[in-house]
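Participant: Protein chains in written order, with our numbering: chain V, 1 to 370; chain A, 1001 to 1308.
Quick caveat, the hints were computed from the structure, so don't treat them as lab data. A couple of the hints might just be wrong.
Said to hold, decoys possible - Distance condition first, Cα-Cα at most 30 Å in a straight line; then the derived BS3-like pairs of lysine-lysine:
1. V/K194 to A/K1116
2. A/K1294 to V/K252
3. A/K1116 to V/K57
Claimed, not checked - Derived contacts from chain A toward chain V, CB cut-off under 7 Å, selection only:
4. Y1062
5. P1092
6. G1109
7. L1110
8. I1288
Stated by the list, open to error - Using C-beta positions, here's what the derived DEER-type ranges look like:
9. V/R260 to A/V1289: 23 to 29 Å
10. A/W1162 to V/Y63: 50 to 56 Å
11. V/Y63 to A/R1093: 28 to 34 Å
Each residue gets a CB set at the ideal place from its N, CA and C atoms; glycine is no exception.
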Amino acid sequence: MTSEAADSTQAVGTIAPAADPGFLQRHGATIEYLLIPGAALAGALVVFGIFVAMFGKNPLDLYFYMYYGAFGTWFSWQNTLTRAAPLILTALCTALPAQLGMVIIGGEGALLIGALTATSAALVLQGMPPLIVQIAMVCAGVIGGGLWIMLSGALRQFRGVNETISSLLLVYIALAILNHLVEGVMRDPASLNKPSTREIGAVNMIGSIPGTDVHWGLVFGLIAAIGAYILIYHTVFGFAARVAGGNIRAAKIVGLGVSRLILTICFLAGGAAGLAGMIEVAAVQGRTNANLAAGYGFTGILVAFLARQNPLAIVPVAILLGGISASGGLLQRRLGLPDASVLVLQGIIFVFVLASDALYGRIGFLKGKS
Amino acid sequence: MADGSIGLWTVPLAVLGGAIRVSTPFLFVSLGECITERSGRINLGLEGTLVMGAMSAYGISYLTGSPWLGVLAAGVAGALLGALHAGICSLPRVNDIAVGIALMLFGTGLAFYLGKPLIEPTAPRLPAIDFGWWSDIPQLRAALRINVMFLIGVALAPILYWAFRTTRWGLLIRTAGESSDAARAMGYSVLLIRLRATMVGGFLAGIGGSFLSLFYPGSWNEGLSSGQGITAVALVIFARWDPLLCLWASLAFGGAAALGPALQSVGVTSGYHLFNAAPYILTLAIMIVTCSPKRTLTGAPAELSITR
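For reference, chain V alone in the conformation it holds in the complex (with noise of 0.2 Å):
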């Protein structure tokens, strides 16, 4: 009833007398912020099963080996968190312009980029110590990266071009660069049947956390999730930037360097990216060719949407993600589900999670806070 009561005196727009402040009021936000997303996750989940079942197969037997291929054992964690190393950070290309209201989507290109950058800087300093040369790689990596995003930045702010969509063609002009080179100037003469770079060498690889086989990239995914966060939350520049992305005005007329903080960001989101990249050739691939584009680029603007731009949350949703395309093989051998069931599945979620936006500041339970 007093819910109610709060409801009407909200609606009619007058100031709701200092109700006493209960758990939801205070907690209602966060709640609601864990409430909706796992309901779009959950309703995703069901219509998945409804497709599946179409096809004949047992809904109950996909969630059982979606559950087990993601997190039932130790194997199967191993493999699911080494997928959500490069979508921590390629969420992260996504959810950092996103505080200045910019839709990047190229995350994709950034990645390809900052591997062919990194693999070309371990090919030059191919002899020099392996410390030398994996810092050269990560440094490679983000700047290479870190350049390509900057562009769409760069374009929009200079130029008026929709970052959306000039993000997105570069991801097409990242690949061509790449096939060119790794077919051109870069091949290994040895790879005949699929066209490579010269690997960078296993003593310059970046190997695995000790007792497990989850390579160093989760950790650099870590930090840089949590550096962004810090970044974005706890300093005056991403205070900047969410002023900035709130009103771009208002950031104008208090006189905020907007092009400062949109170069800025675009750099460290394509860097994020890039080291992505730069985890994907020095952890798994050896070398940089083709196989490099599989995907997680796309996957990550979910992960950065799911995760409503929070860099914090993007590691908790990067996890189940990674999950989700970890399962994706038992599918395929225990359902006989096509490899594009985890495509579906994640098209199914993004359009869930995007259409239970309307649903934030309508939960009749949690209103009544401010």
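Mind docking chain A on chain V? Use the hints.
Facilitator: Relative to the frame of chain V, chain A by itself:
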């Protein structure tokens, strides 16, 4: 000449033929997107619609033996995806660009899922009309083997141009795109107008996809469309939301996309991948030249979120 070797003339001829062949999907997607954007909403999901259209057309053509039924199925699949986009966008506080990205992933995934059994079989293709019968040069004849769909697309552009200017629904779409308040004041539902515009846009984009699988390249596989859909969306922006300019821009794009294979056919293989990226580079270059941070683009529907 007699033995058909025409040397370097192969390249412009192949580009001409390519401009006609490759431009058709660009043309249909951009005309469809033109209708949607004129109503004040942007559908970035047409990349997914294109792939979904290609898959449904191939599947239905294979099952029924009629490629034209396949084209229809592609249109219906596109319209359904359009309805999904418009339906979600009708909810309050939902961003149409984000929904487009979601449907891009969803449409592509669904098409790959349902299209798995279609990679092997061969479906009946769309017929072509031989406009080059008067010539002895095989390359010219190949370039002039034109599909009816291209002609329909070419006819559609001026029809749409006329319809936007003079017909009742053309004016309604433009009103919804320029000022939703004005449309509402006249007693029309903006959401309903945009739903229909997005569905028609999806229908045309689906048909564009059917051309990919049923005529050129003429088979179904997962690498069929690589960004044609999103390029066509960008094309609408620099065609200034004008259906006639969409036609010329599509032709230019088709030519650019045909450059790589054309050069390869005369033995220029270095830079093959870079030439294949020509449409994307061209799109980006034209957007850089034509956009401006100072003013909104002339001709841009005022309600469109992407121009702001």
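Participant: None of the hints should be skipped; say for each whether it holds.
Facilitator: Verification of the hints:
{"no.": "1", "hint": "V/K194 to A/K1116", "result": "holds (24 Å)"}
{"no.": "2", "hint": "A/K1294 to V/K252", "result": "holds (15 Å)"}
{"no.": "3", "hint": "A/K1116 to V/K57", "result": "holds (16 Å)"}
{"no.": "4", "hint": "Y1062", "result": "violated (17 Å)"}
{"no.": "5", "hint": "P1092", "result": "holds (5 Å)"}
{"no.": "6", "hint": "G1109", "result": "holds (3 Å)"}
{"no.": "7", "hint": "L1110", "result": "holds (5 Å)"}
{"no.": "8", "hint": "I1288", "result": "holds (5 Å)"}
{"no.": "9", "hint": "V/R260 to A/V1289: 23 to 29 Å", "result": "holds (25 Å)"}
{"no.": "10", "hint": "A/W1162 to V/Y63: 50 to 56 Å", "result": "holds (54 Å)"}
{"no.": "11", "hint": "V/Y63 to A/R1093: 28 to 34 Å", "result": "holds (31 Å)"}
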